[in-house]
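When you get a sec, could you build the whole thing from the sequences and use the hints?
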Amino acid sequence: MSFPWANEYKPSHPLMQWMDEKLPLPRFVYNAVGAGYPVPRNLNYAWNFGVLAGFCLALQIVTGVILAMHYAANTGVAFDSVEHIMRDVNWGWMLRYAHANGASAFFVVVYVHIFRGFFYGSYKAPREMIWLLGVVIFLLMMATAFMGYVLPWGQMSFWGAQVITGLFSAIPLVGDPLHTWLLGGFAPDNAALNRFFSLHFLLPFVIAGVVILHIWALHIPGSSNPTGVEVKQESDTVPFHPYYTAKDGFGLGVFLIGYCALLFFFPNALGHPDNYIPANPMQTPAHIVPEWYFWPFYAILRAFTQDFLFIPAKLMGVLAMFSAILVWFFLPWLDRSPVRSGHFRPTFRKFYYALIVDALVLGYCGGSPAEEPFVMISQIAAIYYFAHFLIILPIVSAIERPDPLPFSITEAVLGSDETAPAAA
Amino acid sequence: MIRIISILVGAFFSLALLWSVGKGAVSYVTEPPKETVEHAFHLAPKEVEFESDGAFGKFDNQQLQRGFKVYKEVCSACHALKLVAFRDLKAIGYNDDEVKAIAKGFQVPAYNKNTGEVVTKEGVAADHFPPVLYAGQGTPPDLSLIAKARHEGPEYVYSLLTGYQEQPAELLKKFPDAKTPEGLHYNPYFANLNLAMPQPLTADDQVTYTDGTKATVDQMSKDVAAFLIWTAEPKLDKRKQTGWAVLGFLLFATVLAYMAYRNVWAEKKGH
Chain A
1 MSFPWANEYK PSHPLMQWMD EKLPLPRFVY NAVGAGYPVP RNLNYAWNFG
51 VLAGFCLALQ IVTGVILAMH YAANTGVAFD SVEHIMRDVN WGWMLRYAHA
101 NGASAFFVVV YVHIFRGFFY GSYKAPREMI WLLGVVIFLL MMATAFMGYV
151 LPWGQMSFWG AQVITGLFSA IPLVGDPLHT WLLGGFAPDN AALNRFFSLH
201 FLLPFVIAGV VILHIWALHI PGSSNPTGVE VKQESDTVPF HPYYTAKDGF
251 GLGVFLIGYC ALLFFFPNAL GHPDNYIPAN PMQTPAHIVP EWYFWPFYAI
301 LRAFTQDFLF IPAKLMGVLA MFSAILVWFF LPWLDRSPVR SGHFRPTFRK
351 FYYALIVDAL VLGYCGGSPA EEPFVMISQI AAIYYFAHFL IILPIVSAIE
401 RPDPLPFSIT EAVLGSDETA PAAA
Chain B
1 MIRIISILVG AFFSLALLWS VGKGAVSYVT EPPKETVEHA FHLAPKEVEF
51 ESDGAFGKFD NQQLQRGFKV YKEVCSACHA LKLVAFRDLK AIGYNDDEVK
101 AIAKGFQVPA YNKNTGEVVT KEGVAADHFP PVLYAGQGTP PDLSLIAKAR
151 HEGPEYVYSL LTGYQEQPAE LLKKFPDAKT PEGLHYNPYF ANLNLAMPQP
201 LTADDQVTYT DGTKATVDQM SKDVAAFLIW TAEPKLDKRK QTGWAVLGFL
251 LFATVLAYMA YRNVWAEKKG H
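Residue numbers (full-length UniProt numbering), protein chains in the order written: chain A, 1 to 424; chain B, 1 to 271.
One thing to keep in mind: the hints can contain errors.
[Unchecked claim] Here are the simulated distance ranges between beta carbons:
| id | chain 1 | residue 1 | chain 2 | residue 2 | range |
| --- | --- | --- | --- | --- | --- |
| 1 | A | I356 | B | E47 | 27 to 37 Å |
| 2 | A | L178 | B | E122 | 53 to 63 Å |
| 3 | A | W333 | B | T36 | 28 to 38 Å |
| 4 | A | V357 | B | H151 | 46 to 56 Å |
| 5 | B | P176 | A | P312 | 30 to 40 Å |
| 6 | B | I2 | A | I356 | 18 to 28 Å |
| 7 | A | N280 | B | V255 | 41 to 51 Å |
| 8 | B | Q62 | A | I356 | 42 to 52 Å |
| 9 | A | G166 | B | V255 | 44 to 54 Å |
| 10 | A | M19 | B | F249 | 32 to 42 Å |
| 11 | A | L360 | B | T36 | 35 to 45 Å |
[Unchecked claim] Below, a list of computed lysine-lysine pairs in the BS3-like style, where the Cα atoms sit at most 25 Å apart:
| id | chain 1 | residue 1 | chain 2 | residue 2 |
| --- | --- | --- | --- | --- |
| 12 | B | K148 | B | K235 |
| 13 | B | K69 | B | K214 |
| 14 | A | K232 | B | K268 |
| 15 | B | K113 | B | K100 |
| 16 | A | K314 | B | K23 |
| 17 | B | K214 | B | K46 |
Keep in mind the hints are simulated off the structure, nothing from the lab.
All residues carry an ideal CB built from backbone N, CA and C; glycine is no exception.
Right, here's the structure in full:
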């Protein structure tokens with residue numbers, strides 16, 4: 001679908017006309033990310049991050065496919081094959097650092113994208129499906145990133161795999177057999193490494209498929225915008241190309257400068273030194289920590305230190321960690337405010353900023369050793385996390401009185417809109 | 001309905017967490033965690049500067065060669081360097097003949113093609129540094145990646161080498177059980193303070209430098225740390241050079257992209 005005023009694809013060259021009759025792929029691209037897609041004219045830079053996330057996915061797939069040509073998924077040689085890439089493969093060091101830091105960049109971008117959604121109510125009707133697919137993408141990303149981190153078979157790879165797969169053994173009754181079945185053994189070993197490699201190669205293409213659905217679903221209502229007021233008329237929109245291709249091009253440049261500075265000058269800043277030690281099942285590292293992008297969830301996992309109502313602490317932690325993401329699936333129905341944008345929701349806005357601080361605190365605690373005061377801080381922060389989504393949002397959205405909305409996007413941008421009814 | 005369930009679920013998690021906080025607080029007050037000896041006496045690595053530090057840093061081949069000499073004459077008795085090939089040493093300024101000579105000085109594993117017996121042979125440039133058999137106490141780690149496998153690796157190596165000392169009397173007063181066991185050596189830069197490795201660099205001129213640099217313990221420690229930065233990250237110079245070229249291009253491209261963006265949007269108000 002599109003707005004009635006969307007530009008129509010009219011190929012002038014005979015070859016393109018021929019192509020359009022046989023397989024209208026250029027028409028498809030034109031309507032998806034070209035001049036045929038009308039987009040609100042008031043998008044700010046927070047709306048760059050969807051394109052950036054798509055770029056990161058492509059970057060990870062390209063670098064990853066080439067790395068896979070040189071990597072060997074066998075516990076005997078995996079570590080050395082990564083060092084072979086670093087030392088003997090032409091530009092191998094760049095590929096590997098691009099891929100490892102690319103994962104971090106991908107998560108930075110996706111976290112901004114998600115928090116953009118939180119603030120502007122992007123999950124609300126009619127865009128629930130886009131949001132649900134987005135949460136699916138995020139879950140797939142987490143699985144992919146986790147399995148990718150296991151592949152170098154360093155100390156953190158091994159012990160991270162041990163801890164995370166161990167979570168499944170907390171499930172009552174079937175936990176232990178399930179754990180053994182998933183790993184293909186009683187502890188991470190060659191069977192686990194091989195299946196992780198296979199899945200790590202597969203899942204990005206699954207993500208790409210869900211991304212296509214995500215964008216498809218986006219094109220049905222069209223993009224949201226910072227006012228949260230729906231598009232009403234042609235003057236509210238501009239064609240995606242050239243307006244947003246140009247803006248996203250600039251955003252991509254800024255992103256690449258930051259990413260390349262990290263890649264070329266601080267390539268190991270976000271990694272853990274222990275992963276340069278080959279995996280050793282006989283020696284547990286002093287502190288087992290996942291990669292930074294999992295820290296908030298790791299803090300929630302570890303926050304449950306006591307059995308509760310006969311539920312063991314470990315199971316509570318696992319339930320809570322998965323619930324921390326699963327609650328996002330219910331967000332469209334928990335936040336009942338008819339106003340989308342946080343700009344017009346003064347009470348919601350305060351809690352939103354508190355959530356950002358809370359996520360950062362959880363992240364900090366998740367990366368710290370499991371000792372006081374970090375345990376207690378993460379417990380309190382985890383309370384706020386769940387309360388925010390499950391208690392505060394439903395209540396605040398029911399009682400809050402939002403600020404007046406502009407009549408249209410045109411009015412919000414230009415200060416007036418001739419189609420608006422005269423003020424009463 | 002969904003909101004009532006949601007509030008109940010939220011209350012469930014919050015109560016479970018409050019229970020954890022409460023129990024944790026009680027045990028924190030009744031049995032405050034005891035300070036450990038590592039927590040009290042372990043030191044973060046010393047501040048040291050290396051030529052290769054920072055975005056503009058480059059390797060100093062003279063220093064790397066001195067560091068290699070220290071490795072060869074001291075460290076290599078116990079520590080392997082298996083990820084490094086002799087041919088790699090050309091990158092730190094040795095020529096083909098020197099590399100061949102260095103390789104020849106090492107016995108590398110091989111097997112007799114006729115009998116299948118495991119033997120050793122003189123190294124050639126394509127061989128890697130050989131494994132080191134070590135029979136003493138402790139397990140000397142391979143040093144190839146050590147500078148990246150520890151927090152602040154190069155500074156850590158330097159601090160460890162120069163950090164041996166008598167166990168402080170204050171430590172024994174505070175933690176009477178923490179006396180360094182027989183056969184271990186006190187070093188506050190080591191994670192658990194007691195290290196199996198005896199002080200390897202003990203006297204000035206332990207290694208003979210040929211480039212006129214005074215071979216103090218401090219200098220040798222610094223040189224070998226610099227050498228281990230190279231073994232861990234041999235492509236460091238190339239990486240930074242590439243980085244500047246890439247950043248230069250990106251800066252140019254981003255300025256162009258910004259101008260294109262301004263130009264495209266020039267007629268749309270509000271941008």
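Structure-based check of all given hints:
Distance hint check: the CB atoms of I356 (chain A) and E47 (chain B) are about 35 Å apart, consistent with the given range 27 to 37 Å. Take L178 (chain A) and E122 (chain B): their Cβ atoms lie about 54 Å apart, and the range 53 to 63 Å holds. W333 (chain A) and T36 (chain B) have their C-beta atoms about 49 Å apart, which leaves the hinted 28 to 38 Å range violated. Restraint check, V357 (chain A) to H151 (chain B): a C-beta distance of roughly 27 Å breaks the suggested window 46 to 56 Å.
Distance hint for P176 (chain B) and P312 (chain A): a CB-CB separation of about 39 Å, consistent with the stated range 30 to 40 Å. The hinted range of 18 to 28 Å is satisfied by I2 (chain B) and I356 (chain A), whose Cβ atoms lie roughly 25 Å apart. For the pair N280 (chain A) and V255 (chain B), the beta carbons lie near 49 Å from each other, so the given range of 41 to 51 Å is met. Taking the beta carbon of each, Q62 (chain B) and I356 (chain A) are about 50 Å apart, inside 42 to 52 Å as hinted.
Taken as a hint, the range 44 to 54 Å holds for the pair G166 (chain A) and V255 (chain B), whose Cβ atoms sit roughly 50 Å apart. Look at M19 (chain A) against F249 (chain B): about 34 Å separates their beta carbons, and that is inside 32 to 42 Å. Checked against the hint of 35 to 45 Å, the C-beta distance between L360 (chain A) and T36 (chain B) comes to roughly 29 Å, which is inconsistent with it. The hinted pair formed by K148 (chain B) and K235 (chain B) meets the criterion: a straight-line CA distance of about 13 Å does not exceed 25 Å.
For the suggested pair K69 (chain B) and K214 (chain B), the alpha carbons sit about 14 Å apart, so the restraint of at most 25 Å is met. Taking the CA atoms of K232 (chain A) and K268 (chain B), the gap is near 18 Å; set against the 25 Å cutoff, the hint holds. A hinted pair counts as satisfied when its Cα atoms are at most 25 Å apart, and K113 (chain B) with K100 (chain B) qualifies at roughly 23 Å. Between the alpha carbons of K314 (chain A) and K23 (chain B) the distance comes to roughly 16 Å, so the proposed pair stays at or under 25 Å and holds.
As the CA atoms of K214 (chain B) and K46 (chain B) are separated by approximately 21 Å, the hinted pair is consistent with the 25 Å bound.
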